[in-house]
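Peer 1: As a plain string of letters, each chain reads:
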Amino acid sequence: MDTLLGERSGSAFGDGWVRSSCIICLNRCGILAHVNDDGVVDKILGDPENPHNGGRTCAKGDSGFEGLRDEARITAPLRRTNPERGIGIDPGWKEISWDEALDEIAQHVRETLAVDPQRLMFTSFDTYTLRGAMTPSFVMGAGMPGYSTWSAAIFCGNNVHNLLYMNQNAFESNPDPKYAKYILLIGSQFGSVVHYDTMHAAHEIGQRRASKDVHIVAIDPVCGAAASRAEEWVPIRPGTDAALMLGMIDQLVNELDLYDAPFLREFTNAPYLVGDDGHYVRDDDGVRPLVWDEADGSARPFDEAPKTGALTGSYTVAGRPVRPAFEALREHVRKYTPEYVEEVTTVPAATVRRLAREFGEAACIGQTIEIDGVELPYRPASVSWYRGLSAHKHSMLNGLAIVLLQTLIGALDVPGGLLADPYSLKGKTPTREYEAPASPEGLISRGFIGGGRVGSAYPPRKVRAPETPEMFELLPVGPYGAIFYLLNSEEPEKYKSPPFPLMMIQHHANMMKTSGPPDVMERFLRRIPFIVSITRRFEETTEMADIVLPDLHYLERLVPFTYQHYGSGDAPISCYGSKPVVAAEIEGPTPGEQYVDVMQIYLEIAKRAGFLPDLLSAFNTITHLKPEYRLDPEGQYSYIEMVERWLRNEFGDDHGIDWYLSDGLWTDEKTVTEKYPRPFVAARAQVYFEFMKAAGDDVRRVTTELGIHWETDDYQMLPDWKPGPAYKHPPPHDLYLVNLKVSHHAQSHTHHNPILRALSVKHNDLRSLWLHPTAAAARGICDGDRVVVESSAGRSQIGTARVTHLVHPDVAAIQGGGGGWARGSNRDELNFNALLNVDAEHIDFLTGALDSIIAVRVAKAEEVAK
Amino acid sequence: MTRWGMVIDLGRCIGCQACTVACKVENQSPVDAWYAPVVEYEVGRYPDAQMAYLPMLCNHCTDAPCIKACPSGALHRRDDGIVIADEEICIGARACMTACPYGALHLHEGRSGELLGDGTRNTPSILERYAHERHIEGTVSKCTYCAHRIDFGTEHGLTPGIDPEATPACVVTCPTECRVFGDLDDPDSPVSRYVVEHGPTGVLRPDARTGATTAYVGLP
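Here the protein sequences come in this chain order: B and A. Note that this note's numbering has the first sequence beginning at 17, numbered continuously upward. Note that this note's numbering has the second sequence beginning at 150, numbered continuously upward.
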């Protein structure tokens, strides 16, 4: 069989070098992979021509080839022979042929679809294909309820994506590394090669830090890599960030008058009038909110006074007392005095005042900057957050607080501010231009993208009775519901759980190790009668599967659309992907064809289960194929043929697979309005979340009808800080356990890389439990002692004490996502997720976030043994 | 004359270990040998505490203690200042390891299949396989400023310190460009210009009077 790359070098860089894409983390840097005379990939460099990472790679990317020779690699389809499934129980794997495996899978798919497509669960965090069309067309073609990314859906963007869509039409947003002067990292390590925009942000910030051009403040219970390099580390009690945000907002709007009034008038709902019930006061049409037009002293629909709505004061409209939403916000945050904030967060009141002033002044409100001949607002201050603020009870309120802080200074999608990526308010892809639509209320309105379930908080989705245990139908403003599979599994009667899946197809998501604790995950997966695991190596989740199919390493895959960086700020658009740098040494599902992607498996399953025409139709739709490239739903196409059509459709007729294999990097510069679109788009962001009330009422109505307990108190029009479950932590579980990332690991995904693993052994990072000297002394613990960390639910892990000043005195910390029990895992490492609590008390019922602060008892191992 | 040297700006290092790994992969160094480690250490007391990072490598000393200590003549300094350990000559006496104040020389102990050091792997990794082919057990190896890349570059009209193919791997991969390389005798080289613009620089263990060609900006 000829390999796709054949004798070609695959790049213009000389013999043996192939341009491709990394996929170890979500940033998908452009790489050059070197194939030596033995046909082995022995080196990876950053692709110097790729503008996304500019020729640089991180420790993970540099050593990514090691996965090609993984000892735990799966090389052929396997079937379980032991019907008993569970942790540590030998499945009795038996090698079977692809035909046998695919027929058996297809039969289960057919049977499940005949019962109810909702009971076929698909899970994948293969970001190579999720944002493209391949995986979504399989999911849509089968009529499944969507896909779930699992662990990411529990800990990752629960208060991120939904709120960024709401205010920026964005899936992600990051500080502008080129122009930002002041960046607040809220439990985030942006700029330290562990967040988004990794290499580019680290590069820009590193350059500018040397000339003291950027000031970073890390608000974090732990002083990790980013906080260590920040200009200031502000230790904070875990789970209290929202109180600090609201305290800063109070300072900005009530004490310092540091907010962008013209921006708030024109580009947000701040001037919208609200009545004493909190709802908008609307025009006679019953839709358009009114503003108080300062130009003529009367109430008018927002779009008839687009720049002159009052922000403050109180007025009377049709005999009713009304006030601008901004005035309501000002009153709401008055209770967050610096002294109260200090009490909650342990951040000194003087620091709260200073941070607010620094942030507000750094925003340069009123100043402009000329870029490409166009004068733009210059707002070089921003916040960065992710799991640190998101994975909590009250996650939605935390997210609203931080979004408010950013929006009030007008620093959205303008130079120096928080920049959307990869989509924005306005921009272009290779095939089309887009602009965020406005709702009838004048607000940014987008809703769903892709084939997943991620959506905007606004407008809230209609609430209805849930059809799967994911309960997504009860989360009108949240992006994910995966955690409810686990809550329902633990307490199926309490929430009247819809029936559990009859079948799961799992790919690139080691949920057993990376979601809830193993005992919870085991109970859940045992409820699913038939599990297919498509995996490159024996992982913790593989142990629970009925049929295992071998997956590919990223250096063996052909995925032209791994990621299309429409780019944030002035970064150019760049499209590129992965190539089969080396041919997999394993047979694939289609005889005679090189095995290059998991999609070849999906096509075979669809063909054998009878829904191939639906898959092909879905593909036509998702990829917006022009008539000349459209697939005939009744036809038969190889994966390569589909890729060929998609490439030509996207990049032009002369940019098919040959172009992709020999070059494959497409870039385009953006216009200034695409770089910084905020001033050029009418749709408004929100600083007052009126929609939350109606969404909450909707949830209450449906859950009351269903007769189930559901938490709706957090459906508030303005956010508050509320204590999470670990906030009160009576002895002996009197420390907060938190988790932080390590720069040279992508959570647990890289732990089997022998080079990175050796580095971790050298630094002892994955085995260490960080304790403040006073916390250690109180427990008689010395640096290097073996210690037991135990949750109130009785789950425990053993590690080595690292007594350090880099952690808040109330906190214990674990780095990375170590531990596990699969082949090649190290049981001596600490597995943070194994200590989590999965119950109603720890779940945010608005966003599906799982609280990741664990109240723990820490003691010397020898004392526990006694 | 050409005299290669490196400046490391500690104000830029973020401790990401990209250089550590890029070096290991480029040089396929033996199991326990990390030619370019980033040393982490803690400074200060809570809450004014932080992790500090010190990227290390061979300092390619003008007056190299390792060369003087070597009984077999395995170590020598090239005309361009690069200090080389010749594994064909080395007898594994380890005198250099004691003499070097920077811990820059590494004995290939011949361990196999143990890159992890934690017992989770039984067979050699890709890197180990080539490390065994490239290095001789029982001998000492070290950072060469990626001399093979420099030599390739100069043979092909490239400029080390500017053209990635001709520049040490640790410098090329660094996301923050905290490592700057070039000809110390050329006032227009990146390293000379950096010293002028961002100096002053210092060296590690100045008391050892090694004449190090690796210098640092921002040493405490």
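Simulated from the structure, these hints should not be mistaken for lab results. A hint or two may mislead.
[As the list claims (entries may be wrong)] The following label-pair restraints were derived from C-beta to C-beta distances:
(1) A:T308 <-> B:E377: 43 to 49 Å
(2) B:S812 <-> A:R283: 42 to 48 Å
(3) B:E878 <-> A:T308: 36 to 42 Å
(4) B:A877 <-> A:T308: 40 to 46 Å
(5) A:G360 <-> B:D273: 47 to 53 Å
(6) B:P446 <-> A:L368: 37 to 43 Å
(7) A:L368 <-> B:A793: 54 to 60 Å
(8) A:E304 <-> B:E603: 56 to 62 Å
(9) B:D844 <-> A:G222: 29 to 35 Å
(10) B:D273 <-> A:P355: 49 to 55 Å
(11) B:Q383 <-> A:L368: 36 to 42 Å
(12) A:P355 <-> B:A366: 39 to 45 Å
[Claimed, not checked] In silico contact screen, one side only, chain A against chain B (beta carbon under 7 Å); selected entries:
(13) L159
(14) R161
(15) Q166
(16) Q199
(17) L203
(18) H297
(19) F301
(20) L333
Treat the numbers as computed from the prediction; the structure is a model and nothing was measured. Glycine included, C-beta positions come from ideal geometry on N, C-alpha and C.
Peer 1: Are the hints correct? Go through all of them and say.
Peer 2: Hint check:
no.	hint	verdict
1	A:T308 <-> B:E377: 43 to 49 Å	44 Å, holds
2	B:S812 <-> A:R283: 42 to 48 Å	45 Å, holds
3	B:E878 <-> A:T308: 36 to 42 Å	60 Å, violated
4	B:A877 <-> A:T308: 40 to 46 Å	56 Å, violated
5	A:G360 <-> B:D273: 47 to 53 Å	60 Å, violated
6	B:P446 <-> A:L368: 37 to 43 Å	49 Å, violated
7	A:L368 <-> B:A793: 54 to 60 Å	33 Å, violated
8	A:E304 <-> B:E603: 56 to 62 Å	43 Å, violated
9	B:D844 <-> A:G222: 29 to 35 Å	44 Å, violated
10	B:D273 <-> A:P355: 49 to 55 Å	53 Å, holds
11	B:Q383 <-> A:L368: 36 to 42 Å	37 Å, holds
12	A:P355 <-> B:A366: 39 to 45 Å	41 Å, holds
13	L159	10 Å, violated
14	R161	4 Å, holds
15	Q166	4 Å, holds
16	Q199	4 Å, holds
17	L203	13 Å, violated
18	H297	12 Å, violated
19	F301	11 Å, violated
20	L333	20 Å, violated
Of the numbered hints stated above, those contradicted by the structure are hints 3, 4, 5, 6, 7, 8, 9, 13, 17, 18, 19, 20, listed in ascending order.
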